[in-house]
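Undergrad: Protein chains in written order, with the numbering used here: chain A, 618 to 880; chain B, 198 to 516.
Rather than coming from a laboratory, the hints here were simulated on the basis of the structure. A hint or two may mislead.
To be verified - In silico EDC-like pairs for lysine to aspartate or glutamate, Cα to Cα no more than 16 Å straight-line:
#1 637(A) x 295(B)
#2 637(A) x 300(B)
#3 428(B) x 447(B)
#4 637(A) x 408(B)
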Amino acid sequence: MSALTFAAQDSATMLGREIKHSIRLLRLLIVSAIVVPVVMLLLFDYVLGGTIGHGLGDAARGAPYVDFLVPGILIMAVAGSCGPTAINVTMDMTGGFVDRIRTMPVSRGALLAGHVGGSVLRMLVATAAVTGVALLVGFRPRALVADWFAVVGIVAAFSFALAWLSAAIGLVTKSVAAANGLTLPLSFLLPFLSSTFVPTESMPAGVRWFSANQPFTAVVDSLRALLSGAPAGNTPYLALAWCAAIALVGYLWAQTAFRRGTR
Amino acid sequence: MSALTSHATRTAVSVTGLRKAYGDKLVLDGVDLTIAEGEVFALLGPNGAGKTTIVRILSALIPADAGTATVMGYDLRAEAGAVRGVIGVTGQFSAVDDLLTGEENLLLMGRLLHLPATERRARASELLERFDLVDAANQTPATYSGGMKRRLDIAMCLMGRPRLIFLDEPTTGLDPRSRQTTWQIIRDLVRDGVTILLTTQYLEEADQLADRIAMLDHGRIVAEGTPAELKRRMPGAHIRLLFAGAASLDQAARVLPEGTRDEAELVLRVPNGRGIRSLRDVLARLGDDVAVEDLSIHTPDLDDVFFAVTGTASKENNS
Numbered sequence: 618m619s620a621l622t623f624a625a626q627d628s629a630t631m632l633g634r635e636i637k638h639s640i641r642l643l644r645l646l647i648v649s650a651i652v653v654p655v656v657m658l659l660l661f662d663y664v665l666g667g668t669i670g671h672g673l674g675d676a677a678r679g680a681p682y683v684d685f686l687v688p689g690i691l692i693m694a695v696a697g698s699c700g701p702t703a704i705n706v707t708m709d710m711t712g713g714f715v716d717r718i719r720t721m722p723v724s725r726g727a728l729l730a731g732h733v734g735g736s737v738l739r740m741l742v743a744t745a746a747v748t749g750v751a752l753l754v755g756f757r758p759r760a761l762v763a764d765w766f767a768v769v770g771i772v773a774a775f776s777f778a779l780a781w782l783s784a785a786i787g788l789v790t791k792s793v794a795a796a797n798g799l800t801l802p803l804s805f806l807l808p809f810l811s812s813t814f815v816p817t818e819s820m821p822a823g824v825r826w827f828s829a830n831q832p833f834t835a836v837v838d839s840l841r842a843l844l845s846g847a848p849a850g851n852t853p854y855l856a857l858a859w860c861a862a863i864a865l866v867g868y869l870w871a872q873t874a875f876r877r878g879t880r
Numbered sequence: 198m199s200a201l202t203s204h205a206t207r208t209a210v211s212v213t214g215l216r217k218a219y220g221d222k223l224v225l226d227g228v229d230l231t232i233a234e235g236e237v238f239a240l241l242g243p244n245g246a247g248k249t250t251i252v253r254i255l256s257a258l259i260p261a262d263a264g265t266a267t268v269m270g271y272d273l274r275a276e277a278g279a280v281r282g283v284i285g286v287t288g289q290f291s292a293v294d295d296l297l298t299g300e301e302n303l304l305l306m307g308r309l310l311h312l313p314a315t316e317r318r319a320r321a322s323e324l325l326e327r328f329d330l331v332d333a334a335n336q337t338p339a340t341y342s343g344g345m346k347r348r349l350d351i352a353m354c355l356m357g358r359p360r361l362i363f364l365d366e367p368t369t370g371l372d373p374r375s376r377q378t379t380w381q382i383i384r385d386l387v388r389d390g391v392t393i394l395l396t397t398q399y400l401e402e403a404d405q406l407a408d409r410i411a412m413l414d415h416g417r418i419v420a421e422g423t424p425a426e427l428k429r430r431m432p433g434a435h436i437r438l439l440f441a442g443a444a445s446l447d448q449a450a451r452v453l454p455e456g457t458r459d460e461a462e463l464v465l466r467v468p469n470g471r472g473i474r475s476l477r478d479v480l481a482r483l484g485d486d487v488a489v490e491d492l493s494i495h496t497p498d499l500d501d502v503f504f505a506v507t508g509t510a511s512k513e514n515n516s
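Take the sequences, apply the hints, and build the full model.
TA: Okay, structure coming up:
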């Protein structure tokens, strides 16, 4: 068998391990990746949505606030899995497991590939579940089939990017608490400092510039346009470019950290 | 090769001039080692002596700064991949997957070793049986005792039938009973013809298990040999005579001038170089006149050796 076949086989083995882990930790994962975004959805739609919806003006495109809100909630469902991913990587690195693997004839990248693959799967499942809840509470997308393909593609690309970034964070942190803490900006801060809940134009000047130009906003804007059936313009390309950039940075950072962590 | 040496055992591990430093801290300061196939070789030393660093280098986890090493005939630097294929490593810290069951842990190893499914299953159940983990096979290690976890850890490194096994402090932190079980496991492995490099800070463990021992202190090997050789090297063998009073001690010291007096303890220590013959000689010279309260024969143990070669009390370092 060639080295490439071995690498694929080992990565599949590690992915299987991650899936098994996810099933064993299901309750924890449901809270961070599904319950949190759903609570945000309900809070913002039912509790705050009335006032925010009135203030939206043109940004709402004549639709109820829930249609504005859901695309942002979807990226929260993706970002909610960053913490568990970083934690899983940290646990493998700080326990003896990574050393055990490294003393065996196992292909180098398999461990991280399994973590990233498992992370992407968790993010996609969470996003699908949250989409289901959103439909139940009145979310009415007007996307066409082609738009849906684009939506799935962007969510997958965003998941892949955040999975590598989370893996890298997990590799540089020395404890579970640190891994969790360092991913909080991804799962909480950046969604708030983006167009997830309100249009960036409504924010104060300093924050506005950051929020308008950060990757989460690009992703949310493109999803929002696609799901509402409005012309998306170049937003999907901008979103994909951001995803590619984050994935590349996350990948390179993870590779360097993995090498340094196993010196 | 001459007829004489053709029967000599083959070399499992050969190390010369191994050096490793972390920043300013020199961890290994020129280590030379030769381990023959089929033997149990113990690296004995206190915490921080460099034992784990040697294991990590030989299992291709970290590179050495200098020196050469071959492991089962493969050059460690150039053929690390081949080395990984023939070794099994159980590190100091448990490397079991706490979210998988005992059996799943073994099967995961089997998958990573690319064993066919039937062989994987057969080997896993064989190891579960052998390590007395059948009842715990479907439970996660969270429910295991320390000894069970350690057994699973060792079983995992045996999935690939390694010819050379590194055991880094295999009994540290285990209760006496689990320690005995682990010792038996190691003895059984040796019977299968496996070569074992184990590290330990317990002199008794090295004495019990090892064919040969290297004593490591501050990154250097300070003594090496079979347990018997090391003990023989000690000048500490003596006959200890205890007396009831200073008068009889004086009397005895007069007939045994080679002895060392301990006035406070009322003890005379007479060198015992020739075993029973020395003892007979001592008794004959004492005759019936000198009243000896008690007599004991002191054979040096590895503790004495360690104490002598390192100049530090090993027992202090142990705790």
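Undergrad: Going straight from one Cα to the other, do residue 637(A) and residue 300(B) come out at no more than 16 Å?
TA: holds (14 Å)
Undergrad: Is residue 637(A) within 16 Å of residue 408(B), Cα to Cα?
TA: violated (43 Å)
Undergrad: Straight-line Cα separation of residue 637(A) and residue 295(B) no greater than 16 Å?
TA: holds (12 Å)
Undergrad: Given the proposed pairing of residue 428(B) with residue 447(B), does the C-alpha separation stay at or below 16 Å?
TA: violated (31 Å)
In terms of the numbered hints stated before, the structure departs from hints 3 and 4, listed from lowest to highest.
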